[in-house]
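Quick note: the sequence shown, position 336, residue 341 per the working numbering, numbers continuous.
Treat the hints with caution; some may be incorrect.
The following label-pair restraints were derived from C-beta to C-beta distances [claimed, not checked]:
hint, residue 1, residue 2, range
1, 215, 477, 55 to 65 Å
2, 577, 97, 38 to 48 Å
3, 139, 472, 35 to 45 Å
4, 83, 639, 30 to 40 Å
5, 252, 401, 15 to 25 Å
6, 585, 459, 53 to 63 Å
7, 187, 459, 23 to 33 Å
8, 714, 21, 12 to 22 Å
9, 97, 208, 55 to 65 Å
10, 161, 477, 26 to 36 Å
11, 139, 585, 14 to 24 Å
12, 211, 436, 27 to 37 Å
Below are the BS3-like pairs computed for lysine-lysine, each with C-alpha atoms no more than 30 Å apart in a straight line [unchecked claim]:
hint, residue 1, residue 2
13, 219, 512
14, 451, 190
15, 190, 215
16, 492, 512
17, 452, 169
18, 63, 128
Hints were generated in silico from the structure; no laboratory data involved. Every value quoted in this text rests on a predicted model; they were computed, and no experiment measured them. Note that the Cβ used here is the ideal one computed from N, Cα and C, for glycine as well.
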Amino acid sequence: MSKKIDIDLAVGNVGPHQNFKQSVKTSSLKLGIYAPNGTGKSFLSKCFRLIRSQDAVKANKLLSFGKDSGSLELSINDGSTSKKLDIYIKKGAAPTVSNKTDYIFHVFNNDYTKDNLETYNYKPNGEIEGYILGKIQIDLTNEKINLNNIENKIQNNHKNISDKFANALLDLEGLGIRKSITEYKNFSLENLMQNKLDYDEKISFKELLKVNTKLNTMPDDIPDILAFNTNLSLDFLDNAFKVLSLSHEVSRIDEAFKGKVVSKQSFIQEGLKHLQDDCPFCEQSLSQESNKLIQEYKNYFKGNEASVIDNCSILIRNFDNLTTKIKSASSTDAVSKNNFNKVKEFIPSFSETTLEDFVGTDYVIEIINKFISMLKSKIENIEIYFPEKDLLQGFSSIKEFSAQLEKYENTRNKLIQKINSVKNDSANEKLIVKKRLCTSKYLEVKKSITDLLIETNILLEEKTKLNTEILLKENSNKSSKKDLVAKTFETLLSQVFEKKYSLDHEKFCLKFEKNTLLDNASDVLSDGEKSIVSFCFFLAETHTLIGSEEDYDKLFFIIDDPISSMDFHYVYSISQLLRRLELLFNFGRSRFLLLTHNIEFMSLLIRNNIISDSFCLSNNELKSIGKELLMPYEQHLKDVYDTSIGNKKPSHTTPNSIRHILETVNRFENPYLSLREYLDQHFSANVYIYSMINDSSHGVIRNEKAYLEINVINSCKDVIDFINTKFSGQIKLISSH
């Protein structure tokens, strides 16, 4: 007993199928569905065409009126495996297809003919590329064992690398590093495996951890490092040059008196400023002798010598102040440097920064002391003077020192300001360290996996080489898809037309006897011949869907009315082509779903066991076809008879039954007359019958009925009267049932 296959088909909002759901059992996937015209069979085949062509425009045309979405779901379960196909259509968008059946669907319908042959005047498309790979039965056991060993080694290496990466990632995560920073995001297994990054980090991860710890332990109350500005004033140097470079005239007063005045010149000068008529100390009137002494003082100070000595004293004080400032600057600099070195221990970005000592202080102080000595000598003897060259050289050294000190202070103060800023806002410094931790860890892991990566790359090369070797052995033969299509097409044309039509391989077009139909095949072929040429090319083109020979066993054909406009002997040829599908493609078991509105064709397929199970699609339901369809004429006649006598109401299939009866009688009585001519002879009084059976047998979806019910009933009566007149025994037979 053959194993049953469960098939579930659900269609929603596609053509007339608003909510179609059906489950059937079948012995094999060679199925036939008979569906009278207007029941929506073509919508089903067009849905299946969306598997290969997700055309939004064509998909939208399949939706039921007023619906924005539709679907087709097909499930096939043979008891051991379950396969599923889902097609979803949304208005205005490309359809979504999920094919989990492993089947390669190939669909034939009227659209296929239009797209592939009719548009090109029945010149087949010869632009076919690619090959189908065959299989040779060879022993590849050793090669596959080696390949498996290589793959295991590669897998182990990848695991070791992944473990090292995972552990390193844990190290970073424990440091509270933000995952949004670039260096952390770059720390990926992919970058490590592909060696994409080349950082320049000299400090190890272990050392950077210490730096990070030190930075995080920096006290919050460290005072700012003080900047300084000595601001040396050298305006007095020009005056000193004048005093020291010139010889001054000595006063002619008594030397003893002069010595006494000079020894306390500042005191005497200050006293004279406060002197009035009385003594500024005891407030008594001055004696004549006192006034005489005071006058001598005044006369002395009016002289040049006193002025020079006074100027020298002022200059000495200026040089002393200059020395004090320089020494103070040197002392302040030492304190700042010491504080700077303490703070930088906590701040990594300043770890390599050093504050250089300012040199030259002792030298310039020595020069200043020499000038002070010169001034003191000048006080003792204003007549002496010093060489201008020596003076200018000394003053130049002082000025140069002052300029260097100012430049040094500017540079030093900028560093101090910067380190104070970082100290007071360490967030950015901490971020920099965390970035360096990421790059350092990256380099650390990179170094640790270098040998593994080298070995893995070697193994990958060996794997590629071995795969290529296996593939070459397995696929040592291949066939051109174009050659296979041409050969199959030629074979099918020969089976159907014998020598009437063949294929010109070079120009890839039809030949009529010896005439090449390059661009005029459409004018030569009859309508029936066009249909069968189209179906033959459809079958031949199957090779284009195949990648390797195993794919032939995945084929699933969806075939919608391949016999349109064909004479009966062509219909028989089509049925034989379906019978030989397995031989044609050399696969174990063929699969196809055939849809037709031609009951004779369905009957032919059933009688010749070409299909394993047959069904009728009617009233949105699939029913298994019984014996009645093997004798369709009698069944149609019974339906029309019951309608004519009022036993049943006419349905959407009634006009199709009328057409079937009249076509059968026409072929039997006078096959040389067309159906229109035959009806004109016998039904001239019924103005509806011809258009009704054409429109309703090949109808489209309508919002309202095209014909009144009474028109259909009257046509049924006319047909029964006609058959009763010519073949009364048939009416007696069906009326007795």
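Hints and how they fare:
In this structure, residue 215 and residue 477 meet the distance hint of 55 to 65 Å, their C-beta atoms being roughly 58 Å apart. Against the hinted window of 38 to 48 Å, the Cβ-Cβ separation of residue 577 and residue 97 comes to about 45 Å, which satisfies the hint. For the pair residue 139 and residue 472, the supplied restraint of 35 to 45 Å is violated, since their beta-carbon distance comes to about 18 Å. Range check, residue 83 to residue 639: Cβ separation about 37 Å, and the 30 to 40 Å hint holds.
At about 23 Å, the beta-carbon gap between residue 252 and residue 401 stays in the expected band of 15 to 25 Å. Between residue 585 and residue 459 the Cβ separation comes to about 58 Å, which falls inside the hinted range of 53 to 63 Å. The hinted range of 23 to 33 Å is satisfied by residue 187 and residue 459, whose Cβ atoms lie roughly 28 Å apart. Range check, residue 714 to residue 21: about 20 Å between beta-carbon atoms, so the 12 to 22 Å window is met.
Hint check: residue 97 to residue 208, Cβ distance near 60 Å, so the stated range 55 to 65 Å holds. For residue 161 and residue 477, the Cβ-Cβ distance of about 28 Å falls inside the hinted range of 26 to 36 Å, so the restraint holds. One distance hint, 14 to 24 Å for the beta-carbon pair residue 139 and residue 585, holds here, with the actual separation near 21 Å. Checked against the hint of 27 to 37 Å, the pair residue 211 and residue 436 fails, with Cβ atoms roughly 20 Å apart.
A C-alpha spacing of about 83 Å is found between residue 219 and residue 512, which places the hinted pair above 30 Å, so the restraint is violated. Proposed proximity of residue 451 and residue 190 is supported: the alpha carbons are some 16 Å apart, at most 30 Å. At roughly 23 Å between alpha-carbon atoms, residue 190 and residue 215 fall within 30 Å of each other, so this suggested pair holds. Between residue 492 and residue 512 the alpha-carbon distance is near 14 Å, which keeps this suggested pair within the 30 Å criterion.
Taking the CA atoms of residue 452 and residue 169, the gap is about 11 Å. The hint holds against a cut of 30 Å. Under the criterion of a C-alpha separation no larger than 30 Å, the hint pairing residue 63 with residue 128 is consistent with the structure, at around 24 Å.
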